[in-house]
Amino acid sequence: MSQATETDTDGSGVIQSVSGPVVTARDLDARMNDVVYVGDEGLMGEAIEIEGNLTTIQVYEETSGVGPGEPVVNTGEPLTVDLGPGILDAIYDGVQRPLDVLEEKMKSPFLDRGVDAPGISLEKQWEFKPTVSEGDTVEAGDVVGIVKETVSIDHKVMVPPNFEGGEVVAIEAGNFNVTETVVELGNGEEVTMRQEWPVRKARPAVEKKTPRTPLVSGQRILDGLFPIAKGGTAAIPGPFGSGKTVTQHQLAKYADADIIVYVGCGERGNEMTEVIEDFPELEDPKTGNPLMARTSLIANTSNMPVAARESCIYTGITIAEFYRDMGYDVALMADSTSRWAEAMREISSRLEEMPGEEGYPAYLSARLSQFYERAGYFENINGTEGSVSAIGAVSPPGGDFSEPVTQNTLRIVKTFWALDADLAERRHFPSINWNESYSLYREQLDPWFTENVTEDWAEIRQWAIDILDEESELQEIVQLVGKDALPEDQQLTLEVARYLREGYLQQNAFHPTDTFCPPEKTYLILTAARTFYDEAFKALDNGVPVEEIQAIESVPRINRIGVQEDYNEYVEELKDDITDDLRGLY
Amino acid sequence: MKEYQTITEISGPLVYAEVDEPIGYDEMVEIETDDGRTLRGQVLESSDGLVAIQVFEGTTGIDRKASVRFLGETLKLPVTEDLLGRVMDGSGQPIDDGPEIVPEERRNIIGAAINPYSREYPEEFIQTGVSAIDGMNTLVRGQKLPIFSASGLPHNDLALQIARQATVPEDDTDDEGSEFAVVFGAMGITAEEANEFMEDFERTGALERSVVFMNLADDPAVERTVTPRLALTTAEYLAFDKDYHVLVILTDMTNYCEALREIGAAREEVPGRRGYPGYMYTDLAQLYERAGRIEGRDGSVTQIPILTMPGDDDTHPIPDLTGYITEGQIYIDRNLNSQGVRPPINPLPSLSRLMDDGIGEGLTRGDHADVSDQMYAAYAEGEDLRDLVNIVGREALSERDNKYLDFAERFEDEFVQQGFDTDRSIEETLSIGWELLSDLPKAELNRIDEELIEEYYVEDETEDAAEVTAD
Numbered sequence: 001m002s003q004a005t006e007t008d009t010d011g012s013g014v015i016q017s018v019s020g021p022v023v024t025a026r027d028l029d030a031r032m033n034d035v036v037y038v039g040d041e042g043l044m045g046e047a048i049e050i051e052g053n054l055t056t057i058q059v060y061e062e063t064s065g066v067g068p069g070e071p072v073v074n075t076g077e078p079l080t081v082d083l084g085p086g087i088l089d090a091i092y093d094g095v096q097r098p099l100d101v102l103e104e105k106m107k108s109p110f111l112d113r114g115v116d117a118p119g120i121s122l123e124k125q126w127e128f129k130p131t132v133s134e135g136d137t138v139e140a141g142d143v144v145g146i147v148k149e150t151v152s153i154d155h156k157v158m159v160p161p162n163f164e165g166g167e168v169v170a171i172e173a174g175n176f177n178v179t180e181t182v183v184e185l186g187n188g189e190e191v192t193m194r195q196e197w198p199v200r201k202a203r204p205a206v207e208k209k210t211p212r213t214p215l216v217s218g219q220r221i222l223d224g225l226f227p228i229a230k231g232g233t234a235a236i237p238g239p240f241g242s243g244k245t246v247t248q249h250q251l252a253k254y255a256d257a258d259i260i261v262y263v264g265c266g267e268r269g270n271e272m273t274e275v276i277e278d279f280p281e282l283e284d285p286k287t288g289n290p291l292m293a294r295t296s297l298i299a300n301t302s303n304m305p306v307a308a309r310e311s312c313i314y315t316g317i318t319i320a321e322f323y324r325d326m327g328y329d330v331a332l333m334a335d336s337t338s339r340w341a342e343a344m345r346e347i348s349s350r351l352e353e354m355p356g357e358e359g360y361p362a363y364l365s366a367r368l369s370q371f372y373e374r375a376g377y378f379e380n381i382n383g384t385e386g387s388v389s390a391i392g393a394v395s396p397p398g399g400d401f402s403e404p405v406t407q408n409t410l411r412i413v414k415t416f417w418a419l420d421a422d423l424a425e426r427r428h429f430p431s432i433n434w435n436e437s438y439s440l441y442r443e444q445l446d447p448w449f450t451e452n453v454t455e456d457w458a459e460i461r462q463w464a465i466d467i468l469d470e471e472s473e474l475q476e477i478v479q480l481v482g483k484d485a486l487p488e489d490q491q492l493t494l495e496v497a498r499y500l501r502e503g504y505l506q507q508n509a510f511h512p513t514d515t516f517c518p519p520e521k522t523y524l525i526l527t528a529a530r531t532f533y534d535e536a537f538k539a540l541d542n543g544v545p546v547e548e549i550q551a552i553e554s555v556p557r558i559n560r561i562g563v564q565e566d567y568n569e570y571v572e573e574l575k576d577d578i579t580d581d582l583r584g585l586y
Numbered sequence: 001m002k003e004y005q006t007i008t009e010i011s012g013p014l015v016y017a018e019v020d021e022p023i024g025y026d027e028m029v030e031i032e033t034d035d036g037r038t039l040r041g042q043v044l045e046s047s048d049g050l051v052a053i054q055v056f057e058g059t060t061g062i063d064r065k066a067s068v069r070f071l072g073e074t075l076k077l078p079v080t081e082d083l084l085g086r087v088m089d090g091s092g093q094p095i096d097d098g099p100e101i102v103p104e105e106r107r108n109i110i111g112a113a114i115n116p117y118s119r120e121y122p123e124e125f126i127q128t129g130v131s132a133i134d135g136m137n138t139l140v141r142g143q144k145l146p147i148f149s150a151s152g153l154p155h156n157d158l159a160l161q162i163a164r165q166a167t168v169p170e171d172d173t174d175d176e177g178s179e180f181a182v183v184f185g186a187m188g189i190t191a192e193e194a195n196e197f198m199e200d201f202e203r204t205g206a207l208e209r210s211v212v213f214m215n216l217a218d219d220p221a222v223e224r225t226v227t228p229r230l231a232l233t234t235a236e237y238l239a240f241d242k243d244y245h246v247l248v249i250l251t252d253m254t255n256y257c258e259a260l261r262e263i264g265a266a267r268e269e270v271p272g273r274r275g276y277p278g279y280m281y282t283d284l285a286q287l288y289e290r291a292g293r294i295e296g297r298d299g300s301v302t303q304i305p306i307l308t309m310p311g312d313d314d315t316h317p318i319p320d321l322t323g324y325i326t327e328g329q330i331y332i333d334r335n336l337n338s339q340g341v342r343p344p345i346n347p348l349p350s351l352s353r354l355m356d357d358g359i360g361e362g363l364t365r366g367d368h369a370d371v372s373d374q375m376y377a378a379y380a381e382g383e384d385l386r387d388l389v390n391i392v393g394r395e396a397l398s399e400r401d402n403k404y405l406d407f408a409e410r411f412e413d414e415f416v417q418q419g420f421d422t423d424r425s426i427e428e429t430l431s432i433g434w435e436l437l438s439d440l441p442k443a444e445l446n447r448i449d450e451e452l453i454e455e456y457y458v459e460d461e462t463e464d465a466a467e468v469t470a471d
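Residue numbers (UniProt numbering), protein chains in the order written: chain L, 1 to 586; chain U, 1 to 471.
Keep in mind that the hints were calculated from the coordinates and are not lab data.
By construction, the Cβ of each residue, glycine as well, lies at the ideal position given by its N, Cα and C atoms.
A portion of the hints provided could be inaccurate.
Said to hold, decoys possible - Using C-beta positions, here's what the derived DEER-type ranges look like:
| id | chain 1 | residue 1 | chain 2 | residue 2 | range |
| --- | --- | --- | --- | --- | --- |
| 1 | L | Gln550 | U | Asp449 | 22 to 32 Å |
| 2 | U | Glu414 | L | Ser472 | 28 to 38 Å |
| 3 | U | Glu268 | L | Ser472 | 44 to 54 Å |
| 4 | L | Thr179 | U | Ser11 | 47 to 57 Å |
| 5 | U | Glu399 | L | Thr527 | 27 to 37 Å |
| 6 | L | Asp456 | U | Asn390 | 40 to 50 Å |
| 7 | L | Glu207 | U | Ser11 | 38 to 48 Å |
| 8 | U | Pro169 | L | Glu547 | 44 to 54 Å |
Using the sequences and the accompanying hints, generate a full structural model.
Dropping the structure here:
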């Protein structure tokens, strides 16, 4: 979070009333969304309503014991984040206070109040390498130098977007902290490594482009059937226990983005701890460096103040946009957007606003679309291209997808991964329902897969989808009459579909090899199932009874391709065995 | 301390009083009625000149002339290790005729959030001795794992069984000196249920390592909003200051939520789903998230909240919001219960989110995850087939299907069924699992590593020999 640089005490006011996270102050001279400090302890808050002499403030910290008469001081600035080197490998609360620094300052594992800390260290020295020289002309957004932020990421120091730009009159390599000037421009503007940016405002870009590259996740059902593009949007709705968080974690670990921003919004503390403990140990599959070196975490757990939960999504997307400006592909995971919406609802009801559907404020839909619209594949103002992919988990009450947050999200996002409690109960993971899910990026990403993986990517996918569709139709009949009453060819289709489900759609996130499946392997598993399908039907045509086909011993090995490291040989051998075994029957 | 006789409105559990000094939010209040009773309450809303007070003991007997005192601090609980063995009422007053409690410290019961950065990830297996939990939904230290039950089901017996049997097998050396304690918070349970708990605690000698907070069904409803916070404040103190491994049992969370709704309604708040307040998620999270472990502290807080689902409906806001906060849930099943399965846990909808990191080689056993996965899949398949059997009969099913049906049957009768007094070690649990799985052909065990199948699969003819290796 940004430190207020100067404090305008003239506009200060007095608390009129306190009700949970909502405080009203009188005589406060504030603009909408200004950050204010509330009470004797200086709790951070934000002005969210102004009526006559009264200003309503949502407070980002616990308000127990705060009473009327205490002062409220305006900073005169909207809620901003500190942008600069040091964001990666950090863990923040919802208003970008680093949690490790808070622990140190509070001298306690419990979160105290009224403690402030800048989002990035103001003292730490970074080695700055200029990429422009004196006499060059730079414009807003242009890169003027590079800092090695982590082992994986070169942080590009840019002229802030609100600068005019001009001729570089002084620039020097060396060690600086983020507040020292590294570049001086002819018009007197001084560039430091730190920028501040208001979280509720999107950073500018030249234009949004159609995304054509997939965000490869290493998850078979996602890459294979429902891919998301770099710069795309996706929603993962599902009832509790259906695996939203595991799916988000898998994406954060294995998605081939340059930067990951993981926002734990109103979720469990232990889950965030898991990320904090695991990510430094895990390898980035792309670079081999620790995952934390490309990750920034925002943890506003469910028991942390509700107003900060409302802001954490904005904090996250602003950080994501900042790295996008450097030309990186950024993926933002928000777990869960429902908690964010509920925070809005809670604040709204304390303001006694007229509620919309199910008590959510009428502006729910607008806020959701504003958020997802900040994702995309962009041409930046410095001419580079970068992307922000936004993947939001949704936690619908009772698992009912007709509720407002899910419905309003689905109207915006282009990829829908529907999690299914039934699948989760039988431990079919990832429990993404292949009948309900969709991706509108499929066709525009096919050229990439055709070029980079295999020519018949789209064709074999369609084959798999057809089999799975047919299975779900047949299942309805099976429920009535039993499997054995079906004709033999349909029984065989069910058999093939079973292997698709068990060997292809299921993937064990906790198995060291199976957890990440490159697109080549995803494809090979399908070819193995396809071989079985083709050969089995040939056998059937030649009069082999379906029981004998089902009894072939080599076929169940399809389910073990996922855990093989040398999958190429394994699949080749398996295909030969299946062919030999089946042809041996006639 | 100033006394006011300025009550302007009394409505349900709320009292509104005029004041001429600033009163802090959440501050404690004492109200003295003319018959000499002192009632305690808490500030719910504070504005210039007017405060709303929620009275714990109910507003009966309060009139406009009652005097109101503001204590200038939020509700605090005196904490000391001597609380162990004591029984308190729902607002923290001793009711066991024991000696006066000499506090070591007075703690704010609201409790601050644990900094996620300071947490330690829970991964120490707790053996509850219940196969359906240990084998399929493993509990670990620092977890919050609620029991989803419904009226008429034996959830209390299960909670007691867990409290009695919970151990950490083969304690590591770093646990030296950490003892086990139980904090029991009862909200609105009947006197009979309370007796059941107390008798069991006394019978097994568990009372001396327990702290009990009792708000009974006929105690004031509003007091229930405080009881779990007292219990958790005690638990945090024992765990993080005194190095105990604390198991917190909270029952019944449904009554707690009813009390929240009552207060919300009295304040004329805009209600959320089914009349429960919109902030119920946040409120419940502030309770449930007080479980966990902290880096550098030896103790831990493990929570087992119990809730009864109205109408057996898990989409009701109480179980729904709980499930979204807690790290899994254990379902008590009405059908299994009527079949006589004890404890009647249905593993299919049950879940322990922290299981994967708490089991395996060195923690429980190398085959644990695979066995559990395979049993889930097999039982789910068997369950599905039962519907079909009702229509087409067993004869119409294939041999494979019949094996799954048999598996589901045996799974309920031999694995889940064990009685409330049987304490099974994790080895026993897993070898029962293998025995059942070995009724299925090896090729069907596609979730188990081939090497493990070689090691543990019970071959028909060599059943006895293989069982020895399994142990």
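Results of checking the hints against the structure:
Evaluation of the 22 to 32 Å hint for L/Gln550 and U/Asp449 yields a pass: the beta carbon distance comes to about 24 Å. The supplied range of 28 to 38 Å is met by U/Glu414 and L/Ser472, whose beta-carbon atoms lie about 34 Å from each other. For the pair U/Glu268 and L/Ser472, the beta carbons lie near 49 Å from each other, so the given range of 44 to 54 Å is met. At about 55 Å, the CB distance of L/Thr179 to U/Ser11 agrees with the hint of 47 to 57 Å.
Against the hinted window of 27 to 37 Å, the Cβ-Cβ separation of U/Glu399 and L/Thr527 comes to about 31 Å, which satisfies the hint. Checked against the hint of 40 to 50 Å, the C-beta distance between L/Asp456 and U/Asn390 comes to roughly 44 Å, which is consistent with it. About 58 Å separates the C-beta atoms of L/Glu207 and U/Ser11, a value inconsistent with the hinted range of 38 to 48 Å. Checked against the hint of 44 to 54 Å, the C-beta distance between U/Pro169 and L/Glu547 comes to roughly 46 Å, which is consistent with it.
Checked against the numbered hints given earlier, the structure breaks only hint 7 and satisfies all the rest.
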